[in-house]
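Here the protein sequences come in this chain order: A and B. Taking my numbering, the leading residue of the first sequence gets 113, the next gets one more, and so forth. Taking my numbering, the leading residue of the second sequence gets 331, the next gets one more, and so forth.
Source of the hints: derived by calculation from the structure; they are not laboratory data. All values reported here derive from a predicted model rather than from experimental measurement. Please note that the accuracy of each hint is not assured.
[Said to hold, decoys possible] Chain A side only, calculated, beta carbon under 8 Å to chain B, not exhaustive:
(1) Gly154
(2) Phe157
(3) Glu160
(4) Arg167
(5) Leu202
(6) Ser206
(7) Asp209
(8) Gly210
(9) Gly211
(10) Leu213
(11) Phe215
(12) Gly216
(13) Gly218
[To be verified] Here are the simulated distance ranges between beta carbons:
(14) B:Asp424 - A:Thr126: 37 to 45 Å
(15) B:Glu333 - A:Thr192: 24 to 32 Å
(16) A:Ser191 - B:Pro344: 46 to 54 Å
(17) B:Arg358 - A:Ser198: 29 to 37 Å
(18) A:Pro151 - B:Arg358: 24 to 32 Å
(19) A:Asn189 - B:Tyr401: 37 to 45 Å
(20) A:Gly196 - B:Asp357: 19 to 27 Å
(21) A:Gln153 - B:Asn352: 14 to 22 Å
Glycine is no exception: its CB is placed at the ideal position from the N, C-alpha and C atoms.
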Amino acid sequence: KAGVTQTPRYLIKTRGQQVTLSCSPISGHRSVSWYQQTPGQGLQFLFEYFSETQRNKGNFPGRFSGRQFSNSRSEMNVSTLELGDSALYLCASSHRDGGELFFGEGSRLTVL
Amino acid sequence: QKEVEQNSGPLSVPEGAIASLNCTYSDRGSQSFFWYRQYSGKSPELIMFIYSNGDKEDGRFTAQLNKASQYVSLLIRDSQPSDSATYLCAVNRDNAGNMLTFGGGTRLMVKP
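Take the sequences, apply the hints, and build the full model.
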């Protein structure tokens with residue numbers, strides 16, 4: 113069974129631009145979560161989608177948004193990029209509630 | 331006070347020894363507890379989860395939970411150099427889907 117796939121793996125943007133990251137979950141997994149990982153703040157929860165609905169949201173500004181499609185694939189978008197948005201963005205899928213997550217390799221975003 | 335606290339380490343143990351990793355949490359509503367392992371440059375992978383007070387063993391790994399003390403630990407017996415990684419403690423509230431709160435992680439170094 114294929115794992116969680118995230119694209120792109122690396123990207124460089126400049127301040128003020130926007131970015132869209134994509135995540136394909138493990139087949140059959142309906143929950144997709146997004147996390148931001150930075151050296152200073154560690155792993156922080158962004159949001160979770162289940163059956164195309166945002167089920168939980170972390171404490172991030174409205175510039176961070178996401179969506180989930182009917183095939184469970186998910187995208188997250190960050191608008192008006194700031195230098196502090198430079199991070200590894202991890203997508204995780206799960207077949208059940210409770211926190212047993214399978215992470216993708218991540219999308220490393222650098223904002224210049 | 332962070333919601334989930336871990337000693338950042340590094341924790342250095344000789345090969346064959348027992349590595350003991352600790353985690354405390356502040357939210358008494360936490361119901362599920364997880365240990366993820368993250369190798370340098372890789373994404374986190376789930377190694378253990380525990381829901382009830384007491385010990386749970388899986389191979390060389392033992393997770394221990396004490397809800398009264400709000401304390402979770404991970405013991406790694408017969409530590410191997412391949413166990414060298416950052417270990418992330420995470421907690422999940424009941425009815426919170428897959429929204430996890432992570433600690434900052436403890437870096438473990440197992441020396442041959």
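Against the structure, the hints come out as follows:
1. Gly154: Holds. Min distance 5 Å.
2. Phe157: holds, 5 Å
3. Glu160: holds, 5 Å
4. Arg167: holds, 5 Å
5. Leu202: Since chain B brings a Cβ to about 6 Å from A:Leu202, closer than 8 Å, the hint holds.
6. Ser206: With a minimum Cβ separation of about 5 Å from chain B (threshold 8 Å), the hint on A:Ser206 holds.
7. Asp209: Holds: closest Cβ of chain B sits about 5 Å from A:Asp209, inside 8 Å.
8. Gly210: Nearest chain B Cβ about 5 Å off; hint holds.
9. Gly211: holds, 4 Å
10. Leu213: The hint holds - A:Leu213 has a Cβ within 8 Å of chain B, the shortest such distance being about 6 Å.
11. Phe215: holds, 4 Å
12. Gly216: With a closest approach of 6 Å, the A:Gly216 hint holds.
13. Gly218: Because about 6 Å separates A:Gly218 from the closest Cβ in chain B, which is inside the 8 Å limit, the hint holds.
14. B:Asp424 - A:Thr126: 37 to 45 Å: holds, 43 Å
15. B:Glu333 - A:Thr192: 24 to 32 Å: Check passed, 28 Å falls within 24 to 32 Å.
16. A:Ser191 - B:Pro344: 46 to 54 Å: holds, 50 Å
17. B:Arg358 - A:Ser198: 29 to 37 Å: holds, 35 Å
18. A:Pro151 - B:Arg358: 24 to 32 Å: holds, 30 Å
19. A:Asn189 - B:Tyr401: 37 to 45 Å: holds, 39 Å
20. A:Gly196 - B:Asp357: 19 to 27 Å: The hinted range 19 to 27 Å holds for A:Gly196 and B:Asp357, with Cβ atoms some 26 Å apart.
21. A:Gln153 - B:Asn352: 14 to 22 Å: holds, 21 Å
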